[in-house]
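A.B. asks: Sequence:
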Amino acid sequence: MSKPSVLSGIQPTADSFHIGNWFGALRQWVQMQDSHECFYSVVDLHAITAEFDPIILRKRTLASFAQLLAVGIDPSKSTVFVQSQVPQHAQLAWVLSCITGFGEASRMTQFKDKSQKGGQERSSVGLFTYPVLQAADILLYQAQSVPVGEDQRQHLELTRDLAARFNSQFGKTFVVPEPFIVKQSAKILDLQDPAAKMSKSSPQGCIFLLDEPAVVLKKFKTALTDSGKEIKYDPANKPGISNLLSIIHAITGEEISAIESQFVNKGYGDLKVYTGELVVDKVINPFREKTLSLLGDESKLNELMNQGAIKAEKVAAKTLEDVYIKVGFKN
Numbered sequence: 001m002s003k004p005s006v007l008s009g010i011q012p013t014a015d016s017f018h019i020g021n022w023f024g025a026l027r028q029w030v031q032m033q034d035s036h037e038c039f040y041s042v043v044d045l046h047a048i049t050a051e052f053d054p055i056i057l058r059k060r061t062l063a064s065f066a067q068l069l070a071v072g073i074d075p076s077k078s079t080v081f082v083q084s085q086v087p088q089h090a091q092l093a094w095v096l097s098c099i100t101g102f103g104e105a106s107r108m109t110q111f112k113d114k115s116q117k118g119g120q121e122r123s124s125v126g127l128f129t130y131p132v133l134q135a136a137d138i139l140l141y142q143a144q145s146v147p148v149g150e151d152q153r154q155h156l157e158l159t160r161d162l163a164a165r166f167n168s169q170f171g172k173t174f175v176v177p178e179p180f181i182v183k184q185s186a187k188i189l190d191l192q193d194p195a196a197k198m199s200k201s202s203p204q205g206c207i208f209l210l211d212e213p214a215v216v217l218k219k220f221k222t223a224l225t226d227s228g229k230e231i232k233y234d235p236a237n238k239p240g241i242s243n244l245l246s247i248i249h250a251i252t253g254e255e256i257s258a259i260e261s262q263f264v265n266k267g268y269g270d271l272k273v274y275t276g277e278l279v280v281d282k283v284i285n286p287f288r289e290k291t292l293s294l295l296g297d298e299s300k301l302n303e304l305m306n307q308g309a310i311k312a313e314k315v316a317a318k319t320l321e322d323v324y325i326k327v328g329f330k331n
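In this note's numbering, the protein residues as written are 1 to 331.
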């Protein structure tokens with residue numbers, strides 16, 4: 001019996017992934033390799049919907065691909081590839097855009113949010129239609145499951161609608177995907193603003209996986225904590241302390257109560273230093289070593305990228321061929 005298929009992607013819009021990515025999704029991606037047929041992509045087509053620098057984009061794409069391998073995604077178990085190297089993504093996106101209503105696309109909340117920040121006149125058509133490209137990403141591989149957070153749920157609903165619409169108009173072609181709710185081991189918050197999710201847009205509050213160990217330790221030592229002295233898990237009243245305890249729990253698997261008991265009669269500074277050293281030892285150092293080793297052999301990295309693209313295209317081409325026959329492009 002074949003494994004259920006799953007697809008997910010990550011944009012190369014930063015030089016490094018951060019620990020929120022690692023605890024929130026990437027660890028689960030690694031685990032899913034044993035139970036699913038996995039397709040993991042660096043979605044660089046999505047990264048050009050806003051202003052970008054081609055040289056930086058290429059560098060970040062290579063770094064993102066290397067980091068996927070460094071976290072434990074195995075090319076012999078999964079299909080790991082760069083989106084732009086598989087032309088069927090853009091080809092299917094055009095077909096799907098032609099069965100997507102303008103009003104339907106304009107209701108996507110992420111476009112509303114991003115276009116309001118930058119001004120709608122300066123927003124690209126690509127930003128407007130990228131949920132359709134996202135639908136193509138998923139449907140090309142007949143993915144039965146898609147790991148999603150709340151911010152992507154609306155886009156998956158559009159994907160499901162488009163798959164059902166195409167199947168209804170042209171005959172059964174696509175699997176209608178289901179959301180796969182990733183069970184987060186911890187919700188990692190910003191070290192400088194523990195009311196907000198950790199994000200690359202807040203560099204001082206974000207622990208990047210490729211940060212130098214000294215930088216990581218400094219960020220933890222200067223983390224915003226709370227009034228009082230007691231080290232207790234209380235997200236409502238002690239969000240800063242609770243965030244540090246959550247990070248320890250995510251790494252060690254220890255119960256929060258057991259972690260609290262280790263810091264009885266100790267101060268906030270002790271907790272910050274312990275958390276920083278734990279993150280450096282268990283996460284940052286091994287990840288940096290693997291990533292930098294991969295980036296040190298660019299020809300090997302490009303070879304793995306090419307192999308992944310060939311593997312992905314075998315599946316994608318079969319789906320697109322069926323679509324082109326169904327819509328009358330081919331016999």
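Read the hints as simulated data drawn from the structure, not as lab findings.
From a predicted model like this one, the values you see are computed outputs, not experimental measurements.
Built from N, CA and C at the ideal position, the CB exists for glycine as well.
Please note: incorrect hints may appear among the correct ones.
Said to hold, decoys possible - Calculated cross-link-like contacts (lysine to aspartate or glutamate; reagent style DMTMM-like; alpha-carbon spacing at most 20 Å):
1) Lys-172 to Asp-193
2) Lys-200 to Asp-53
3) Lys-314 to Asp-297
4) Lys-221 to Asp-161
5) Lys-232 to Glu-254
6) Lys-77 to Glu-260
7) Lys-221 to Glu-277
8) Lys-311 to Glu-51
9) Lys-238 to Asp-193
10) Lys-221 to Glu-255
11) Lys-221 to Asp-270
12) Lys-218 to Glu-277
13) Lys-77 to Asp-15
14) Lys-172 to Asp-161
15) Lys-282 to Asp-270
16) Lys-314 to Glu-51
17) Lys-290 to Glu-37
18) Lys-326 to Asp-161
19) Lys-197 to Glu-230
20) Lys-300 to Asp-281
21) Lys-282 to Glu-212
22) Lys-3 to Asp-34
23) Lys-59 to Glu-321
24) Lys-300 to Glu-289
25) Lys-187 to Glu-157
26) Lys-311 to Glu-321
27) Lys-172 to Glu-298
28) Lys-229 to Asp-193
29) Lys-59 to Asp-234
30) Lys-314 to Asp-74
31) Lys-266 to Glu-230
32) Lys-232 to Asp-270
33) Lys-232 to Glu-212
34) Lys-311 to Asp-74
35) Lys-290 to Asp-53
36) Lys-200 to Glu-51
37) Lys-266 to Glu-254
Said to hold, decoys possible - Cβ pair distances, simulated, as ranges:
38) Ala-258 to Gly-171: 49 to 59 Å
39) Ile-325 to Arg-107: 10 to 20 Å
40) Ala-317 to Gly-253: 13 to 23 Å
A.B. asks: Next, verify each hint and record whether it holds.
C.D. replies: Right, here's what the structure says about each hint:
no. : hint                           : result
1   : Lys-172 to Asp-193             : violated (48 Å)
2   : Lys-200 to Asp-53              : holds (18 Å)
3   : Lys-314 to Asp-297             : violated (27 Å)
4   : Lys-221 to Asp-161             : violated (48 Å)
5   : Lys-232 to Glu-254             : holds (15 Å)
6   : Lys-77 to Glu-260              : violated (39 Å)
7   : Lys-221 to Glu-277             : holds (10 Å)
8   : Lys-311 to Glu-51              : violated (31 Å)
9   : Lys-238 to Asp-193             : holds (12 Å)
10  : Lys-221 to Glu-255             : violated (23 Å)
11  : Lys-221 to Asp-270             : holds (9 Å)
12  : Lys-218 to Glu-277             : holds (10 Å)
13  : Lys-77 to Asp-15               : violated (26 Å)
14  : Lys-172 to Asp-161             : holds (14 Å)
15  : Lys-282 to Asp-270             : holds (18 Å)
16  : Lys-314 to Glu-51              : violated (32 Å)
17  : Lys-290 to Glu-37              : violated (24 Å)
18  : Lys-326 to Asp-161             : holds (18 Å)
19  : Lys-197 to Glu-230             : violated (24 Å)
20  : Lys-300 to Asp-281             : violated (28 Å)
21  : Lys-282 to Glu-212             : holds (14 Å)
22  : Lys-3 to Asp-34                : holds (9 Å)
23  : Lys-59 to Glu-321              : violated (33 Å)
24  : Lys-300 to Glu-289             : holds (16 Å)
25  : Lys-187 to Glu-157             : violated (24 Å)
26  : Lys-311 to Glu-321             : holds (16 Å)
27  : Lys-172 to Glu-298             : violated (42 Å)
28  : Lys-229 to Asp-193             : holds (19 Å)
29  : Lys-59 to Asp-234              : violated (41 Å)
30  : Lys-314 to Asp-74              : holds (18 Å)
31  : Lys-266 to Glu-230             : holds (8 Å)
32  : Lys-232 to Asp-270             : holds (14 Å)
33  : Lys-232 to Glu-212             : violated (29 Å)
34  : Lys-311 to Asp-74              : holds (13 Å)
35  : Lys-290 to Asp-53              : violated (26 Å)
36  : Lys-200 to Glu-51              : holds (17 Å)
37  : Lys-266 to Glu-254             : holds (18 Å)
38  : Ala-258 to Gly-171: 49 to 59 Å : holds (57 Å)
39  : Ile-325 to Arg-107: 10 to 20 Å : violated (31 Å)
40  : Ala-317 to Gly-253: 13 to 23 Å : violated (43 Å)
Hints 1, 3, 4, 6, 8, 10, 13, 16, 17, 19, 20, 23, 25, 27, 29, 33, 35, 39, 40, counting from the list given before, are not met by this structure.
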